[in-house]
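Q: Listed in order, the protein sequences are those of chains H and Y. Numbered per the numbering used here, the first sequence finishes at 220, counting up by one with no gaps. Numbered per the numbering used here, the second sequence finishes at 218, counting up by one with no gaps.
Hints may contain errors.
BS3-like, lysine-lysine: derived pairs with alpha carbons at most 27 Å apart [stated by the list, open to error]: (1) H:214 x Y:116; (2) H:50 x H:136; (3) H:50 x Y:208; (4) Y:49 x H:214; (5) Y:147 x H:114; (6) Y:115 x H:214.
Bear in mind the hints are in silico, worked out from the structure with no lab data behind them.
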Amino acid sequence: MFEQYLSLTHYDIYFFLKAIGMTLWITLVSITIGTLIGIVMGLIRCSKNKIVSAIPLVYIEPLRNSPLVTQLFLTYYGLPVVANIVLDAQAAAIITLSLNTGAFFSVLVHSAVKAIPKLQWEAGFALGHNRYSNFKNIIAPQVLRLLIPSAITLYINQLQVSSFVSLISLIDLTKAGHILTLRTMRPFLIYGIVFVLYFAISYPLSKLAQRLEKKVAFNF
Amino acid sequence: MYLNFSFLKTFYPMLLQGARLTLIISAGALVLGFILGIIVALMRQSKSKVLRFIGSAWVEFLRNTPFLVQLFFLYFGLPELGIHTDPIVTSILALGINSSAPNCEVIRSGLLAVKKGYYECSYALGYNSFQTFRYIVLPVSLRLAFKPLTSNFINLVLTSSVVFSITVNDLMGSSKTVAARTARPFEVFIFIMLAYCVFTFVISFVAKAIDRRISITL
Numbered sequence: 001m002f003e004q005y006l007s008l009t010h011y012d013i014y015f016f017l018k019a020i021g022m023t024l025w026i027t028l029v030s031i032t033i034g035t036l037i038g039i040v041m042g043l044i045r046c047s048k049n050k051i052v053s054a055i056p057l058v059y060i061e062p063l064r065n066s067p068l069v070t071q072l073f074l075t076y077y078g079l080p081v082v083a084n085i086v087l088d089a090q091a092a093a094i095i096t097l098s099l100n101t102g103a104f105f106s107v108l109v110h111s112a113v114k115a116i117p118k119l120q121w122e123a124g125f126a127l128g129h130n131r132y133s134n135f136k137n138i139i140a141p142q143v144l145r146l147l148i149p150s151a152i153t154l155y156i157n158q159l160q161v162s163s164f165v166s167l168i169s170l171i172d173l174t175k176a177g178h179i180l181t182l183r184t185m186r187p188f189l190i191y192g193i194v195f196v197l198y199f200a201i202s203y204p205l206s207k208l209a210q211r212l213e214k215k216v217a218f219n220f
Numbered sequence: 001m002y003l004n005f006s007f008l009k010t011f012y013p014m015l016l017q018g019a020r021l022t023l024i025i026s027a028g029a030l031v032l033g034f035i036l037g038i039i040v041a042l043m044r045q046s047k048s049k050v051l052r053f054i055g056s057a058w059v060e061f062l063r064n065t066p067f068l069v070q071l072f073f074l075y076f077g078l079p080e081l082g083i084h085t086d087p088i089v090t091s092i093l094a095l096g097i098n099s100s101a102p103n104c105e106v107i108r109s110g111l112l113a114v115k116k117g118y119y120e121c122s123y124a125l126g127y128n129s130f131q132t133f134r135y136i137v138l139p140v141s142l143r144l145a146f147k148p149l150t151s152n153f154i155n156l157v158l159t160s161s162v163v164f165s166i167t168v169n170d171l172m173g174s175s176k177t178v179a180a181r182t183a184r185p186f187e188v189f190i191f192i193m194l195a196y197c198v199f200t201f202v203i204s205f206v207a208k209a210i211d212r213r214i215s216i217t218l
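Could you put together the complete structure from these sequences and hints?
A: Dropping the structure here:
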């Protein structure tokens, strides 16, 4: 009687496409916002004043050292009760993932700036640059070069963990696979498709990161 | 806006039990991931092309697909193959397999860092190739890889929080129950976040202390 529901139909292709769209949308928006947050926080972290440079740690450390699921649940289930801020699943996912990405990105920025040897700063000062123009014209381009491969690796990682948003009832690729598995009872086929789709998105990026990593390495 | 942490008084045994389960799962996955990591790292180093391909395919597959899908795949797929296990074993299996990929990378870079002189020296002392590996190369490369391995372990503990989605009552799962029963989700999840933070800080502190004693420079 219900055999027709046990097989995949053309409608399921649309379902998967929509789900991929959701995954990509969440990931792209959150890594964009997260990168901006990360740059700001990372630069504050590089400040010479010890107290100022410690301030972002209050934001970075809790987010880096706690599971993303807990953070998602905190925004999605916790905020409405305490602060009367009711967010829909998509907004909660984007906010949480952005903040999470920002925390990781600021560490990358900080370590990239630290990786530039002191000599570069001194040479810049000797040529008459002030601190700002030194950073803008000499340090920042080198930092950017060091940053790109590790940033791509982080973005791939954020794509993987964006699957956690399926736990707060957002229909992304993982949730779509889950729903279809429960309907068709064919976990190997459906999760095989989901694996292939995720792999197709992130494998080329990871190869790109590996190639860039070899290219950008400095020999100071 | 006020915060009310009185749920701790009533529900701390439940949370402690969850924490115990999280510890068990991550310890099991740590051992499994470590052993698999060494095996895969050796496969990637081997002379046979097929083994090298299998090793790198294993790593690339695990690194480029989300853990949650791998977990669901095992949880729903294993019964299809006729293997009926409980969710805890499934989650240990999934976490161990997942963490074998980063472990493999770290161990492999440790193996590559061992210089040729070590091999020549041990052959000169009359060790065969297995003994060389067992007594000279492996200890040295594991010491080199210790620090990144601990950061992989911290990652593993944090990832283990999603196993509640296959009905395991670990720290996250029990906190979800507590949040539902007390209707104070914010306080519960903030508390759990801090608990995970404290846990990872303790691990990294201990790891640093150990690393200071065993670290070597080649």
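Q: Against the structure, test the hints numbered earlier, and report the numbers of the ones violated in rising order.
A: none
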